[in-house]
Amino acid sequence: MPMRLLSVVVLVAALGGAVYADARSDAKAQVEFGIAVAQRGLWKEAIYRWERATQIDPTYAAGFNNLAVAYEHEGMLDKAAEAYERALKLEPDNVLVRQNFELFKEIHDRSQSQTTQSQNP
Amino acid sequence: MTGASLKRPSLKILSCVLAVGVAGCASFYEIPIETPIAAKLDVSAFQRVFIAGFISGGTDDVDGNLETVRLLRSQLRMKSNLRVVDADVLPLLDVASGRTEAGSSSQTREATLEAPEIKNEKDLQPYEHIFADADYWKRIGEEYQNPLIVTGTVLFTPHSQAGMVQREREVIDPLGRRSVQPVREYMERKGFILQEKFIFIDGRSGAQIYSEALREERLYNQNDNTPALSSYFELMDEIIPRFLSTLSTQRVRGSRVLIK
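Protein sequences, first through last, are from chains A and B. Read the first sequence against this note's numbering and you will find it ends at 121, with the numbers running on by one and no gaps. Read the second sequence against this note's numbering and you will find it ends at 260, with the numbers running on by one and no gaps.
In case anyone wonders, no lab produced these hints; they're calculated from the structure. It is possible that part of the hints are untrue.
Not everything, but these chain A residues come out facing chain B in the computed CB check (under 8 Å) [stated by the list, open to error]:
{"hint": "1", "residue": "32"}
{"hint": "2", "residue": "38"}
{"hint": "3", "residue": "55"}
{"hint": "4", "residue": "75"}
Ideal Cβ placement from N, Cα and C applies to all residues, glycine included.
Isolated chain A, as found in the complex (with noise of 0.2 Å):
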């Protein structure tokens, strides 16, 4: 009996791995793709696959990473900083994503400070 439901462990654990592996390569697909096509400036194409990637597998930082690069070069900074984070939550130690998003928020510091200072009368 315990053999059983030892197996029964053994095999949810391995499908469940499975499932997981099988996400991540989609994302990861999808993540590559999405680069190919920015580098190419296609941004808006970029940022359908890492969006999707990140459906897919939103336990997969670099996903988010890219998405966030993209949503600021196309201007849309408040996404581009929840993106930021997001991926920051999932992997807290990667200096590239941490590289990124410093000088993304010295841009964005900036622009907020810039308001800020201003006044409307």
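Fit chain B to the known structure of chain A by using the hints.
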């Protein structure tokens, strides 16, 4: 098996692991991006912009009013879709001090030269009421086909400062290798402060729609004889992108890393 024979396969494994690691690390791509910063002011209702003039003060070496008007007009001609009204600069100081009839847009340079001295922000205050005079600006607006009017104050003042400054010094060690080391030293420096307040007025109603105060300063080595006008342009180089970002979308260039 000896220790030496054990070392060889382990080195192979290590190099394989390193190669895989490097390949893994190489799965990122640097990509140039341009981040658009949206204009702070919606100017779609205007077809023209009139840089009317500024109440200026500070040093006598630079005419802050005329230089600022010239520079902003030329920048807007190149970097904005608005048509720039090419008209005489308004003698705002005279209008504000009641020495010229309000509504007259003719330039009275002689009158400006005799204008009261403005050396600091406090000296500007008695004249700032002109910016809130909606009737005056409405009349100016009617004269130039209801443009977006840009006016404000310019204060360009000399400044000096003494204190500890960190600078980099090149050092050559006994082996002839060069390196750069930070050095702190006491220095007396002089330069200028440029304070500009841009006021945007709707030429149709004469009402203020937006204002923005910007400040930049630059200090030079005491021995450098930097002319006031050259320093003014250096400071304006910093201010102009921020002025332009009020009226039109600006793109900030940079690069980011995409990850696989």
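Taking each numbered hint in turn, which are not upheld by the structure, reported in ascending numerical order? 3
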